[in-house]
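Q: If you read the protein sequences in the order shown, they are chains B and F. For what it's worth, this note's numbering labels the leading residue of the first sequence as 1, then goes sequentially. For what it's worth, this note's numbering labels the leading residue of the second sequence as 1, then goes sequentially.
Any given hint might turn out to be false.
Stated by the list, open to error - Straight-line Cα separation of at most 20 Å, PhoX-like style, residue types lysine-lysine; simulated pairs:
#1 F:Lys140 x B:Lys165
#2 B:Lys166 x B:Lys238
#3 F:Lys109 x F:Lys140
#4 B:Lys159 x F:Lys7
#5 B:Lys165 x B:Lys57
#6 F:Lys7 x B:Lys166
#7 B:Lys143 x B:Lys385
#8 F:Lys152 x F:Lys211
Said to hold, decoys possible - Quick list of the computed label-pair ranges, beta carbon to beta carbon:
#9 F:Arg158 x B:Gly16: 51 to 59 Å
#10 B:Ser349 x F:Asp83: 20 to 28 Å
#11 B:Ser349 x F:Tyr116: 37 to 45 Å
#12 B:Ser256 x F:Cys239: 17 to 25 Å
#13 F:Arg82 x B:Gly16: 52 to 60 Å
Keep in mind that the hints were calculated from the coordinates and are not lab data. All of these numbers come straight from a predicted model, not from anything done at the bench. Just so it is clear, CB atoms sit at the ideal spot from N, CA and C, and this is done for glycine as well.
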Amino acid sequence: MEAVQNFMELSQQVVGFIYPNEIEIHWSILIVVYPYITGLVAGAFILASLVKVFNVKELQPTYRLALLTALAFLLIAPLPLQLHLGRPERSYEMFMTPNLTSAMAMFGFVYLWYLMLVLLLEIWFEYRRDMIVWSGEATGLKKWTLKVLSLFSTDISEKAVAFDKKTVKVITVIGIPSAFLLHGYVGFIFGSIKANPWWSSVMMPVVFLFSAIVSGIAIVMLLYMIIMPLRGGKIDMKCLDKVASFLFYAVIVDFSIEVLDFIHRLYESEESIKILSQLVSTKLFMSLVVLQILLGMLLPLGIMVVIKVFKLQEELRKLLYFVCAVLIQMGIFSTRWNVVIGGQLFSKSFRGLTTYKMELMGIEGFLVALALLIIPFVVLSVLIKLLPPWKKEELAGH
Amino acid sequence: MKEFFNKLPEQAVRVIVVFLVLAVGLFVIRQFIIPPEMKEPALQKLSSMEREADKEVKYAGAQVCGQCHEKEHDIKKTGYHRDLSCESCHGAAQKHADNPTDVKPTSPKKRDYCGYCHTYNSSRPTGFPQINPDTHNPRKPCITCHNPHNPKPPQTPRSCAACHAQIERTKAASYHALLGCTVCHNTPEKHKTAPRTIRPTKPDTREFCGKCHDKASPGKGVPAVDMNAHGEKYVCWQCHYPHMLGGI
């Protein structure tokens, strides 16, 4: 009964002609949350790799935080999909009986590869020495947790630590293409849906990737600015300025690619262009033009230009960086929204538009999505408690 | 080989052991615990075909019906319902074919069943026979006038509105309300009996509308434009919908 009522409400919002099975959209807010979260993972990892592979020394204070952030979000990334599909207890079958012709099914392996062979391994080698030291200092449950996590390893000789460092570097080198693969793949799934002109574009994986880098750098910057003072440390301005300038370049590249995609679509002017421009100017106006482009991209770009041109005071810089990072998070979330929801709002007949009405409760509703966005931070706080990203002397040193 | 392992730092050995345990675990589960038909697509297909084949057959098919009900079969063969299967209306009839005396199929006698296809709906193809059930002989079962095996209008429709009710109602509220349909559409008499093969015409020149709407035309109080300057090469109804109020 509720479904019928819902359907009747939606059908009154329909503009133009639309096929009956297009009135209600099927990929809901949960599918918006999923690429947003994986994007944060890939982006945070890229930031971490800048330290190890490209030797950007200033970024060292964010290195471990970036790794833990990537892990916290990666652990939660499959949850929205499992809630959306239902029957999560069957998801392991995807690994047991691989389907080589399905991009979605093979994505499980990309995820597994990234989690097991890149992120966990890198974190393990990075923290191994510290875990052994900390397990010696700690007592009770924490001592044993750390012991198990370090796989009862005991060797902290110089040779062993040197081996750890070397391994971390090798893993990071493998990790960069893996992170590209992880998020490029999400874009690939959308980009390869050839029946949908809003999605079907080879640019899709690239656009996803760069927006991922933008959002990942911004979230680590945000977390660094919040967590560092909370743990009694002082924010390293050199590091923050460096993160911000990488963020600045990433936003510029992301923006250029999106503009390129836009111009390309306009110039190509395929038969879908009319309905797509109608989509952008009506149903997606707020989330695409206002939130994504104006507030989520141009405004932060403007602020960062101001910071770079006028040598502003430290406190003001911090405040502006904070505002930028928040705006960018909102902008990238809108990007995901516009791709996922936007692609389902127009009819395949190119003659009509429908509306997405988000549930509040319900498994595909707003509250579940909100919870899914909060859980990674809870996971992160546990990880930080167990594996502190900064040592005591680092906190005191600043 | 042994030397190589001795050279590896102890932490690397530990990690390798963990991964080996996982890999062996996965291998054992896949090899020994998962049933073969879950792994092999061909087997999956085979078992699903068996499953489908085991299902009870419910529909007999029009040919089987025709073996006994020759008369209905022959009438239907040439009528408008020739592409419909008997069981579309009479329901699944395999049981009736197996046991013709004891099991009787149903036949819809009320109005609502025919309405599934013939109630007016603008998305149906042009010329498809459609009625408004509230105004078209209300409460009378359809089969009192129409023979479902060879459905023809019992009498030739008197007005265009019999089939084009929606257009008729829209036009009644438009500026063109007082114009008859045939002022603009040349309608051969045969269109009434063979609506989909003999079609009426649509005005295909600008001059046709210009007869009333050109500046130079004599009509008073009629919106007039300069036909040479207005609308370029387009026929008027490509922009203006003549049946609509105001004719926008």
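Q: Output the numbers, in ascending order, of every earlier hint that fails for this structure.
A: 1, 2, 8, 9, 11, 12, 13
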